[in-house]
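These protein sequences, in sequence, are chains D and Z.
Heads up: the first sequence begins at 1099 in this note's numbering, then just goes up one per residue.
Heads up: the second sequence begins at 67 in this note's numbering, then just goes up one per residue.
It is possible that some hints are incorrect.
[Unchecked claim] Beyond 10 Å from chain D on every Cβ pair, some chain Z residues (computed):
(1) T79
(2) T86
(3) R88
(4) M106
(5) R107
(6) D129
(7) R130
(8) F131
(9) A133
(10) A138
(11) F140
(12) Q146
(13) Q169
(14) G174
[Said to hold, decoys possible] Heads up, simulated EDC-like pairs for lysine to aspartate or glutamate below, C-alpha to C-alpha not over 16 Å straight-line:
(15) K1166(D) - D1153(D)
(16) K1154(D) - D1129(D)
(17) K1199(D) - D123(Z)
(18) K1135(D) - D1182(D)
(19) K134(Z) - E77(Z)
(20) K1169(D) - E1113(D)
(21) K1135(D) - D1157(D)
(22) K144(Z) - D96(Z)
(23) K1199(D) - E110(Z)
(24) K1166(D) - E1113(D)
(25) K1199(D) - D122(Z)
(26) K1103(D) - E110(Z)
It is worth saying that the hints were derived from the structure and are not from the lab.
Backbone N, C-alpha and C fix where the C-beta goes; we use that ideal spot for every residue, glycine too.
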Amino acid sequence: DQQVKQNSPSLSVQEGRISILNCDYTNSMFDYFLWYKKYPAEGPTFLISISSIKDKNEDGRFTVFLNKSAKHLSLHIVPSQPGDSAVYFCAASVGGTSYGKLTFGQGTILTVHP
Amino acid sequence: DAGVIQSPRHEVTEMGQEVTLRCKPISGHDYLFWYRQTMMRGLELLIYFNNNVPIDDSGMPEDRFSAKMPNASFSTLKIQPSEPRDSAVYFCASSTMGIQETQYFGPGTRLLVL
C-alpha cells in the first residue's frame, strides 16, 4: 500500500519558468513532510520540509505548500534552473521533527531545459 | 568528513548467491538507516538502528534479508539467497538525534541479480 504517491514520473520545464512537483498521501497521521533531491549516482539530499501546522514554507527559490484537507503537498521552484534537473522525492512521517519513520514517494524526474 | 561510505558501488550476481552490502556512517551519528529504491515503490525504509541496536525492521521484505551493526562505524545488509526481484539501488543513511533533515545518504549500491 503506497501511502505517499507522486503520480507524475517526470516533468519537463523551460529554464526561468516555474516547476511544480506534486505529492499525495493517504495516512492522516502524517504530520511532517519533506522533499529530497537526488542527482544520478548520488544519494538523496534534504531540500525543504513543512510541519502540518503550517500550509507554506519558503526557502529561496523553493516553496512547499501543504493542503491537509486534500492530503496534498507541492513543491514550487521559481525560477527553475538547469541545475535543478534531478529526481525529487517527497516523504512523510508521524512524529514531528523528532525521528519518525520516513515514507517516501516514487520520485519525479525533473528536467529543466536551457 | 567523507560522508556516508557504501561498498561496493555496483554488484552483479547470480540468483541464489549471497550478497553483502556495507556501510560506514558519518562519525558521531547515532542513527543508521538502510533503504531500497525501485522504480515502482520509490525509496523504502528497510531497517534502522539507534546506537547499534535495531529499532524497526518492519520494512525488511523477508527472511532472506538481514542487517547487522556490530559497532558504531560499520553496518552490513545481507541477502541470502538473492533473487532477481532484489535488483535495486540500496542506500545507507546516517543521522544524529534522529531528526529527518539530518539524514545524510550514501551514494548507494546498485545491485543486479541475474
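Do the hints match the structure? See the list:
Non-interface call for T79(Z) relative to chain D: holds, since the shortest CB-CB distance, roughly 20 Å, exceeds 10 Å. Every beta carbon of chain D lies more than 10 Å from that of T86(Z), the smallest distance being close to 19 Å; the non-interface claim holds. For R88(Z), the requirement that its beta carbon stay farther than 10 Å from each beta carbon of chain D is met, with the minimum near 15 Å. For M106(Z), the shortest C-beta to C-beta distance to chain D comes to about 7 Å, within the 10 Å cut-off, and the non-interface label is violated.
For R107(Z), the shortest C-beta to C-beta distance to chain D comes to about 7 Å, within the 10 Å cut-off, and the non-interface label is violated. Non-interface call for D129(Z) relative to chain D: holds, since the shortest CB-CB distance, roughly 21 Å, exceeds 10 Å. The beta carbon of R130(Z) is kept farther than 10 Å from every beta carbon of chain D, the shortest such distance being approximately 22 Å. Under the 10 Å C-beta cut-off, the non-interface status given to F131(Z) relative to chain D holds; the minimum distance is some 17 Å.
Listed as a non-interface residue, A133(Z) keeps its Cβ farther than 10 Å from every Cβ of chain D; the least gap is roughly 15 Å. Its beta-carbon lying about 17 Å from the closest one in chain D, A138(Z) satisfies the requirement of being farther than 10 Å from that chain. Every beta carbon of chain D lies more than 10 Å from that of F140(Z), the smallest distance being close to 18 Å; the non-interface claim holds. The claim that Q146(Z) is not at the interface with chain D holds, since no C-beta of that chain comes within 10 Å of its own (minimum 25 Å).
Here Q169(Z) does not stay apart from chain D, with its beta-carbon only about 7 Å from theirs, under the 10 Å limit. Listed as outside the interface, G174(Z) is inconsistent with that label: its C-beta sits roughly 6 Å from the nearest C-beta of chain D, within the 10 Å cut-off. Distance check on the hinted pair: K1166(D) and D1153(D) sit about 8 Å apart at the alpha-carbon level, within 16 Å; holds. Of the supplied pair hints, the one linking K1154(D) and D1129(D) holds, its CA atoms being roughly 14 Å apart against a limit of 16 Å.
With a C-alpha separation of about 11 Å, the suggested pairing of K1199(D) with D123(Z) holds against the 16 Å cut-off. With a CA separation close to 9 Å, the supplied pair K1135(D) and D1182(D) stays within the 16 Å bound. For the hint pairing K134(Z) with E77(Z), the CA-to-CA distance comes to about 19 Å; that exceeds 16 Å, so the pair is violated. Our distance criterion of 16 Å between C-alpha atoms is broken by K1169(D) and E1113(D), whose separation comes to about 29 Å.
Between the alpha carbons of K1135(D) and D1157(D) the distance comes to roughly 14 Å, so the proposed pair stays at or under 16 Å and holds. The suggested pairing of K144(Z) with D96(Z) is violated, with an alpha-carbon distance near 21 Å, which exceeds 16 Å. Between K1199(D) and E110(Z), the direct Cα distance comes to roughly 10 Å. Compliance with the 16 Å bound is thereby established for this hinted pair. Using a Cα cut-off of 16 Å, the hinted pair K1166(D) and E1113(D) is violated, with the two alpha carbons roughly 30 Å apart.
With a C-alpha separation of about 9 Å, the suggested pair K1199(D) and D122(Z) falls inside the 16 Å cut-off, and the hint holds. In summary, the hint linking K1103(D) to E110(Z) is supported, as the alpha carbons are separated by about 13 Å, within the 16 Å threshold.
Of the numbered hints stated above, those contradicted by the structure are hints 4, 5, 13, 14, 19, 20, 22 and 24, listed in ascending order.
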